[in-house]
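Q: Go ahead and model the full structure; you've got the sequences and the hints to work with.
2 protein chains.
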Amino acid sequence: MTYCVAMRLDEGLVFLSDSRTNAGVDQIGTFRKMVVFERPGERVMVLLSAGNLAVSQAIRESLAERVGVDGTSIWTAPTIYDAVRMVGDAVREVRERDAEAMANSGIEFNVSLIFGGQIRGEACRLFMIYAAGNFIEASAESPYFQIGESKYGKPVLDRMIRPESTLDDGAKCALVSMDSTLRSNISVGLPLDLMCYEVNALRVTRFAVIDTRNRYFQMIHDTWGARLKQVFSDLPDPTWGKAAAQASPTSNSAQTHEPVRARIPKVLAINDPPEAAGLIQSLAENPTGSSQLY
Amino acid sequence: MTYCVAMRLDEGLVFLSDSRTNAGVDQIGTFRKMVVFERPGERVMVLLSAGNLAVSQAIRESLAERVGVDGTSIWTAPTIYDAVRMVGDAVREVRERDAEAMANSGIEFNVSLIFGGQIRGEACRLFMIYAAGNFIEASAESPYFQIGESKYGKPVLDRMIRPESTLDDGAKCALVSMDSTLRSNISVGLPLDLMCYEVNALRVTRFAVIDTRNRYFQMIHDTWGARLKQVFSDLPDPTWGKAAAQASPTSNSAQTHEPVRARIPKVLAINDPPEAAGLIQSLAENPTGSSQLY
Chain A
-2 MTYCVAMRLD EGLVFLSDSR TNAGVDQIGT FRKMVVFERP GERVMVLLSA
48 GNLAVSQAIR ESLAERVGVD GTSIWTAPTI YDAVRMVGDA VREVRERDAE
98 AMANSGIEFN VSLIFGGQIR GEACRLFMIY AAGNFIEASA ESPYFQIGES
148 KYGKPVLDRM IRPESTLDDG AKCALVSMDS TLRSNISVGL PLDLMCYEVN
198 ALRVTRFAVI DTRNRYFQMI HDTWGARLKQ VFSDLPDPTW GKAAAQASPT
248 SNSAQTHEPV RARIPKVLAI NDPPEAAGLI QSLAENPTGS SQLY
Chain B
-2 MTYCVAMRLD EGLVFLSDSR TNAGVDQIGT FRKMVVFERP GERVMVLLSA
48 GNLAVSQAIR ESLAERVGVD GTSIWTAPTI YDAVRMVGDA VREVRERDAE
98 AMANSGIEFN VSLIFGGQIR GEACRLFMIY AAGNFIEASA ESPYFQIGES
148 KYGKPVLDRM IRPESTLDDG AKCALVSMDS TLRSNISVGL PLDLMCYEVN
198 ALRVTRFAVI DTRNRYFQMI HDTWGARLKQ VFSDLPDPTW GKAAAQASPT
248 SNSAQTHEPV RARIPKVLAI NDPPEAAGLI QSLAENPTGS SQLY
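Chains A and B, in that order, are what the protein sequence lines are.
The numbering used here puts the first residue of the first sequence at -2, with every later residue one more than the last.
The numbering used here puts the first residue of the second sequence at -2, with every later residue one more than the last.
So the derived label-pair ranges between C-beta atoms look like this:
id: 1; chain 1: A; residue 1: 21; chain 2: B; residue 2: 119; range: 34 to 40 Å
id: 2; chain 1: B; residue 1: 210; chain 2: A; residue 2: 89; range: 48 to 54 Å
id: 3; chain 1: B; residue 1: 63; chain 2: A; residue 2: 210; range: 55 to 61 Å
Treat the hints as calculated values from the structure; they're not laboratory data.
Even glycine gets a Cβ: it sits at the ideal position worked out from N, Cα and C.
A: Okay, structure coming up:
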């Protein structure tokens, strides 16, 4: 697996990818998942890939090399929308060539891509491309995309990222999201490729390869974890029972506070203490519906 | 889907389950996923279920009602280990009865369960049971289990939960983990069943049904989100470039800080400004291997 995240913010675009590939757990490799298509002063486009590595590499190769009969290519596409359609076409071309043979070997044609950037005279745009070659675009309501092992790192993005977030906040949040993913899933690994693209720069200005020795990522890893623990221990403990304060798990709910209890079959005729028999009896007769699953 | 989490801590056991069921996105229901098997003073066992609802319910029913020819049942099992084997047997019984008919309708036999508790004279134990009816037990190194939509809420558990965590910290952390999951996945929903079992209580003492009006959960939701934003904004921004401070994404790495760039095919003969042509040329000749994916 892999994990990649990209954001379209008012200030520009943020891209972050890991570099772990694996087949099972004993065949681990390092392949960078980010590739940049750059003509400085004219266009910068970034492609992130997750899924089958052979498929991803074939798509990247096809995309970089392909020149149409009319001379069109990713290098000369007049708009980002033309360019992302070429990405989709490259996906379909590779599927056409490889999917059947892969299926014969029991391998699914499986790839997902994030593609974004800017061409001079246009705004920044960001897309997610599916294995079918079709795609969706990021918007003000949904300013980020993730591919690969996306769930671990999603909550912090949902909490922090808005279109008006700064590029630096975007980079920070992408790194926190990646750090959470790295902690929880061994199929995602360092080094990372981090790129922040400033609107209208039209060239690569902020790029870093982040490995275990990178102090900024170490700082994020240590500080975030430590501060989270602090916030966690500052949260009031729950209080229990009828006399408890209002900030209690049992407060302000009109619902019954009894668990769903399984009933002891009569055939067993278990001799429990009277209090227990009474409790089970009252639940069996309880018409509130809390035990109606049985 | 659903989300359930349970922990085996030194002080006891924590169980938390949501109550959302869905078939697609337009057939949403509320079914409680936690059931308690209680003989006060003698045994308390809790079963959490995720997966196909009909399967889960059939297992629960079978488990509560089944009395072996030798009189054995979940109510009289001498040890928790005997009890969890009965849970596995119930899974296999339901599979035997329903799996083929389900497969004929194109439905997978899909269920996962968490089961734990205490029988008088024994320690607390916690198990996760697979759809095959076999199971694993929680340990000091892996003190919690999750079933259902588990990934969103995993990072905070990995950061916070140790066997020596208090029951209250366990409950808090389970609620934070659930809150993150609720934010990021609509197939998980309120109300929640929360139960904290204190070692040797041998009865239900701390149980709460948590719905939208519950102030403790509201407090956790609001405070955690707000404090997380604060911690996030307190993290130093990244700095870029060679003159930057040490806590920089570009510091302390021996690796090249160039992205993998796609090369412009020669056939295109694009006339870029000299700097650009020079840059691309130098990358094409660069023997560092950073562009060897092409």
